[in-house]
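Asks: Model the placement of chain B on the given structure of chain A, informed by the hints.
Chain residues, written in single-letter form:
Protein chains: 2
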Amino acid sequence: MYRTHTCGELNMKDTGKDVILCGWVQKSRDLGGMTFVDLRDRYGITQLVFNMDSNSDLCEKARKLGREFVIQATGKVKERSNKNHKIPTGEIEIEVTELNILNRSEIPPFTIEEDTDGGEELRMKYRYLDLRRNSVKNNIILRHQVAQEVRKYMDSIGFIEVETPVLVNSTPEGARDFVVPSRMQPGTFYALPQSPQTLKQLLMVAGFDKYFQIVKCFRDEDLRADRQPEFTQIDCEMSFVERDEILDTFEGLAKYIFKQIKGIEFSEPLIKLPYQDAMEYYGSDKPDLRFGMKFVNLTDIVKGHDFIVFDTAEYIGGINAEGCAGYTRKQLDELTEFVKKPQTGAKGLIYLRYNTDGTLKSSVDKFYSAEELKKWADAMNAKPGDLILILAGEKKKTLTALSDLRLEMGNRLGFRAKDKFFPLWVVDFPLLEWDEEAKRFFAMHHPFTSPKPEDLPLMETDPGKVRANAYDLVINGVEIGGGSIRIHDSEIQKLMFKVLGFTDQDAIRQFGFLMNAFKYGAPPHGGMAFGFDRLVAMIAGQDSIRDFIAFPKNNSGKDVMLDAPGPISGMQLDELMIDIRKPKKD
Amino acid sequence: MYRTHTCGELNMKDTGKDVILCGWVQKSRDLGGMTFVDLRDRYGITQLVFNMDSNSDLCEKARKLGREFVIQATGKVKERSNKNHKIPTGEIEIEVTELNILNRSEIPPFTIEEDTDGGEELRMKYRYLDLRRNSVKNNIILRHQVAQEVRKYMDSIGFIEVETPVLVNSTPEGARDFVVPSRMQPGTFYALPQSPQTLKQLLMVAGFDKYFQIVKCFRDEDLRADRQPEFTQIDCEMSFVERDEILDTFEGLAKYIFKQIKGIEFSEPLIKLPYQDAMEYYGSDKPDLRFGMKFVNLTDIVKGHDFIVFDTAEYIGGINAEGCAGYTRKQLDELTEFVKKPQTGAKGLIYLRYNTDGTLKSSVDKFYSAEELKKWADAMNAKPGDLILILAGEKKKTLTALSDLRLEMGNRLGFRAKDKFFPLWVVDFPLLEWDEEAKRFFAMHHPFTSPKPEDLPLMETDPGKVRANAYDLVINGVEIGGGSIRIHDSEIQKLMFKVLGFTDQDAIRQFGFLMNAFKYGAPPHGGMAFGFDRLVAMIAGQDSIRDFIAFPKNNSGKDVMLDAPGPISGMQLDELMIDIRKPKKD
Numbered sequence: 004m005y006r007t008h009t010c011g012e013l014n015m016k017d018t019g020k021d022v023i024l025c026g027w028v029q030k031s032r033d034l035g036g037m038t039f040v041d042l043r044d045r046y047g048i049t050q051l052v053f054n055m056d057s058n059s060d061l062c063e064k065a066r067k068l069g070r071e072f073v074i075q076a077t078g079k080v081k082e083r084s085n086k087n088h089k090i091p092t093g094e095i096e097i098e099v100t101e102l103n104i105l106n107r108s109e110i111p112p113f114t115i116e117e118d119t120d121g122g123e124e125l126r127m128k129y130r131y132l133d134l135r136r137n138s139v140k141n142n143i144i145l146r147h148q149v150a151q152e153v154r155k156y157m158d159s160i161g162f163i164e165v166e167t168p169v170l171v172n173s174t175p176e177g178a179r180d181f182v183v184p185s186r187m188q189p190g191t192f193y194a195l196p197q198s199p200q201t202l203k204q205l206l207m208v209a210g211f212d213k214y215f216q217i218v219k220c221f222r223d224e225d226l227r228a229d230r231q232p233e234f235t236q237i238d239c240e241m242s243f244v245e246r247d248e249i250l251d252t253f254e255g256l257a258k259y260i261f262k263q264i265k266g267i268e269f270s271e272p273l274i275k276l277p278y279q280d281a282m283e284y285y286g287s288d289k290p291d292l293r294f295g296m297k298f299v300n301l302t303d304i305v306k307g308h309d310f311i312v313f314d315t316a317e318y319i320g321g322i323n324a325e326g327c328a329g330y331t332r333k334q335l336d337e338l339t340e341f342v343k344k345p346q347t348g349a350k351g352l353i354y355l356r357y358n359t360d361g362t363l364k365s366s367v368d369k370f371y372s373a374e375e376l377k378k379w380a381d382a383m384n385a386k387p388g389d390l391i392l393i394l395a396g397e398k399k400k401t402l403t404a405l406s407d408l409r410l411e412m413g414n415r416l417g418f419r420a421k422d423k424f425f426p427l428w429v430v431d432f433p434l435l436e437w438d439e440e441a442k443r444f445f446a447m448h449h450p451f452t453s454p455k456p457e458d459l460p461l462m463e464t465d466p467g468k469v470r471a472n473a474y475d476l477v478i479n480g481v482e483i484g485g486g487s488i489r490i491h492d493s494e495i496q497k498l499m500f501k502v503l504g505f506t507d508q509d510a511i512r513q514f515g516f517l518m519n520a521f522k523y524g525a526p527p528h529g530g531m532a533f534g535f536d537r538l539v540a541m542i543a544g545q546d547s548i549r550d551f552i553a554f555p556k557n558n559s560g561k562d563v564m565l566d567a568p569g570p571i572s573g574m575q576l577d578e579l580m581i582d583i584r585k586p587k588k589d
Numbered sequence: 004m005y006r007t008h009t010c011g012e013l014n015m016k017d018t019g020k021d022v023i024l025c026g027w028v029q030k031s032r033d034l035g036g037m038t039f040v041d042l043r044d045r046y047g048i049t050q051l052v053f054n055m056d057s058n059s060d061l062c063e064k065a066r067k068l069g070r071e072f073v074i075q076a077t078g079k080v081k082e083r084s085n086k087n088h089k090i091p092t093g094e095i096e097i098e099v100t101e102l103n104i105l106n107r108s109e110i111p112p113f114t115i116e117e118d119t120d121g122g123e124e125l126r127m128k129y130r131y132l133d134l135r136r137n138s139v140k141n142n143i144i145l146r147h148q149v150a151q152e153v154r155k156y157m158d159s160i161g162f163i164e165v166e167t168p169v170l171v172n173s174t175p176e177g178a179r180d181f182v183v184p185s186r187m188q189p190g191t192f193y194a195l196p197q198s199p200q201t202l203k204q205l206l207m208v209a210g211f212d213k214y215f216q217i218v219k220c221f222r223d224e225d226l227r228a229d230r231q232p233e234f235t236q237i238d239c240e241m242s243f244v245e246r247d248e249i250l251d252t253f254e255g256l257a258k259y260i261f262k263q264i265k266g267i268e269f270s271e272p273l274i275k276l277p278y279q280d281a282m283e284y285y286g287s288d289k290p291d292l293r294f295g296m297k298f299v300n301l302t303d304i305v306k307g308h309d310f311i312v313f314d315t316a317e318y319i320g321g322i323n324a325e326g327c328a329g330y331t332r333k334q335l336d337e338l339t340e341f342v343k344k345p346q347t348g349a350k351g352l353i354y355l356r357y358n359t360d361g362t363l364k365s366s367v368d369k370f371y372s373a374e375e376l377k378k379w380a381d382a383m384n385a386k387p388g389d390l391i392l393i394l395a396g397e398k399k400k401t402l403t404a405l406s407d408l409r410l411e412m413g414n415r416l417g418f419r420a421k422d423k424f425f426p427l428w429v430v431d432f433p434l435l436e437w438d439e440e441a442k443r444f445f446a447m448h449h450p451f452t453s454p455k456p457e458d459l460p461l462m463e464t465d466p467g468k469v470r471a472n473a474y475d476l477v478i479n480g481v482e483i484g485g486g487s488i489r490i491h492d493s494e495i496q497k498l499m500f501k502v503l504g505f506t507d508q509d510a511i512r513q514f515g516f517l518m519n520a521f522k523y524g525a526p527p528h529g530g531m532a533f534g535f536d537r538l539v540a541m542i543a544g545q546d547s548i549r550d551f552i553a554f555p556k557n558n559s560g561k562d563v564m565l566d567a568p569g570p571i572s573g574m575q576l577d578e579l580m581i582d583i584r585k586p587k588k589d
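Going down the list, the sequences are from chains A and B.
Residue 4 is where the first sequence starts when you use our numbering, and the numbers rise one by one after that.
Residue 4 is where the second sequence starts when you use our numbering, and the numbers rise one by one after that.
These aren't lab readings, by the way, just hints derived from the structure by calculation.
Misleading hints may appear alongside valid ones.
All copies of an identical chain are treated as equivalent in the list; a pair is satisfied when it fits inside any one copy or across any two copies.
Said to hold, decoys possible - No farther apart than 27 Å at their CA atoms in a straight line, the calculated lysine-lysine pairs in the DSS-like style are these:
1) K399 <-> K219
2) K344 <-> K399
3) K522 <-> K128
4) K16 <-> K30
Extracted from the complex, chain A is given alone in its bound form (with noise of 0.2 Å):
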């Protein structure tokens, strides 16, 4: 046996017991007649000490102990003179008495620890190391923890959790699929699911009724920051059932998600946003609801005034940065330069200040009477001591920049600390979006979306106004799951097709055998996926999911400790029928 307990477990309770450790040498201190040696393993660090008077051999060894060896160590558990309140095997230590090194290690190209001197790419190319890291490795537990919990309380509702395949057909639409050439098949592929969408509602028209999984999916895409080529989802579907038991199921799920792994209970029903309120108030179909700062629409009360930015402007919206109205010009001058950046492309700012003293100060002075900024205040319904911050300019993109300044501020009033948590739901999306460039509409979530009823006469008068039944959770700010109600009506599906501008042809093509099935009885049905690698990295208060995938890729999509993508060997090609070509020289 190598062990009898790990580097995280004794206390003082176990003083006086004999106990064999293994782990890795965080660190020694030799201080002359002593040397304490920090052991690791994934459970804690446990002090290990020698003693030069009692056994000057073993305590010799010790000495020569490089950081990373991988050691066994014999001993008696001892209260430490010297306690580390900080850690739970703080209170003791083991006085060694036999040590044996299971194996050496070279000097790690960084040091493993919180604070490491190793750059990403070095940390990337030994990942093997840098998981050595505390919060590294705990991210990973996290990570698991929460797969745990997620199947818990699915298989606790009645959901089966079903494995879809990997290899599977390309679709048209959607982003780009990775594909594997077969050898068997020659000249024909499979692809890597974008996620498993119609397999999922194969398995409604199969009566599954209620089914998950978790679940790897696969987009060749050129990779943004914090992108993956491959990423995780929570998939769900349900059957026989309408949009609220849909929300009420998933905000069930996220509730004891949040209560089982950070302890925090969200008692109320969760808000449910229609996307136009979210737009029109918060500039975001993802809004931040850790704080308020609505938007409110001034294009009414400060038109007519001569300010030929206003008058001008298609939509002029201010929000209500409170208790701010002491900001320096300095400080007003950097939130000027903060809008205008082009990311967000603010033609400029104009605020209000509405002093403690009750008077009104606007870089609009001379346009506007006292009573007239009043009115402002008023609406934006400011008290004294509040700034009110104003974008003027084309709807859409002054809503958008005016969201950034949102966010910007509630950044600088420490609104949006990351252990505290706003989920809430999106709803009502529009079903179409027009391309201009293409001149005609495309499906916003797929082309089995159903709209919602009520909308349904919309459908051949004004497309473009029809809302669909879909969904999204979205919590601080980011967009963490979403869904919709399918069709299952095929005339329904028909005038889908028709305003997307497919043809017969076009829709069995691309979604044949998915439309062949739902001949055979599909029942109504709906369901949605979460982000499962941006659920686990919100959980944890961070922002990159890198950071809680154990072997994830670069922004050049590889994988730069096993070196892939890579060559393969000639004879792979003679057999798969393929041939790379020659890049072309210019």
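Replies: Then chain B, alone, in the frame of chain A:
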């Protein structure tokens, strides 16, 4: 709300309740005044009744329902006059007051019943309809339950489920890889993992201590019956453990699953049968121990009596079929035919009847006296009424043929019941296999499998004799899982590569990243992997893994439902910078 209850939950306690049910029309019977409809969902079947007298319009509507129509029925729960005690809902029926057709169905291509009229190909093409059949549906639900229990158990003993990547690097040893051309790095390829072997070893280097994963693996092999190009493993690895701790851990898992799922308790520790003994006594490294019929080596006893078949044989072995002395000539001829078929390949079968009257009768009486034959019977531990079956020839082939014969006798005697389970460990597999063609040793498991420490000296003198620290879990003659202690000592690894005929460069090119990782403190570790599809099929007492996969592929690796693999567009080929070769005309 679509429904208040499912079709599997209403019983006598619910009589009088107003309910709404949804589901598929299993069948309907029109008895003139009454129409009965069996309504089916995932949970069961409930009988609906429509009465011509009380509501003729509704009854007319019900009469027109086709098989597999999706309907919603509102009504009252009543006690049935004609009770069906075979199903939980068989004592009640629903007197329907409202009927709503949610979706129509064309006539299905085969009947959705246990005794379906659909052939395999047709059912594969319409898999979503085949999945509606109880037996198929229940297989998939069983799979879910087993997966849940595996995860529950592994989590409870401190294992962390870590998702390893699907897009990895191609490894030259082992089976053929499926590959994925990279668009971002043209001319290079990802490979799909045959197993996460190296990644789980890296997780041990990373200090994860106890890892598991239920994970898809991929092998581009020519498919034999019941092999799938994508299959699922329960993959596990642990650090700081010796062999028996690993066996105890996974024996615990196997016992837990059988207890939870089948209610079967294996209270005794499982047998650990050395590979040599398995071969010697059962002619197989995966013996079916639901019954005895152990081989007895008769070579020394039967030689030297001028019977040329025996005298020239390397090995002569027998099995005792207890109570079979009454076998007829015809039965014995059948057995002779059985052993002579090409797959088994014996030259003939010699029998010895130990008649109930104590006399002995063999097929080679003219060479052996009754006294001699009695010696055989004694060696076989036979008693009056038994039948001894003997094969002779080259040892390895004869052991294999005797194994076939033993299993055949097991079948004939009803010893191989599907609901009886006999799990055991087979241990101490040979480390190396000599390949006559390549004139070199190959690793029987993989090149990281540790030799047994006591056999280390043989590595240089007689490598073929070295036993590996490797083990298989065998149940009912099927290998359910296997694994090994890995080499963590770089000197032993070097020796292993030397014996395998690898140069240092070979080793670095093929396993460089793992060898490199091992330089930074690799702990002693080992693990195992279970064939999950196989395990679930075994638990259900069935042979075909295909029936336990929601959307399996056929023997040509095709998904005939999705029609995958299929062609991809010229644009996709352009983006991937690959060309498809034209098939050679010859």
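Asks: 27 Å Cα cut-off: does K522 pair with K128 within a copy, between copies, both or neither?
Replies: Between. Shortest inter-copy distance 14 Å satisfies the 27 Å Cα cut-off; intra-copy 51 Å does not.
Asks: Between K16 and K30, at a C-alpha cutoff of 27 Å, which is it: within one copy, between copies, both, or neither?
Replies: within (25 Å within a copy, 68 Å between copies)
Asks: With identical chains, the pair K399 and K219 could be close in the same copy or across copies; at 27 Å between alpha carbons, which is it: within, between, both, or neither?
Replies: Neither, since 35 Å and 45 Å both go past 27 Å.
Asks: Pop the pair K344 and K399 into one bin, within, between, both or neither, using alpha-carbon distances up to 27 Å.
Replies: within (17 Å within a copy, 79 Å between copies)
The earlier numbered hint that this structure contradicts is number 1, and it is the only one.
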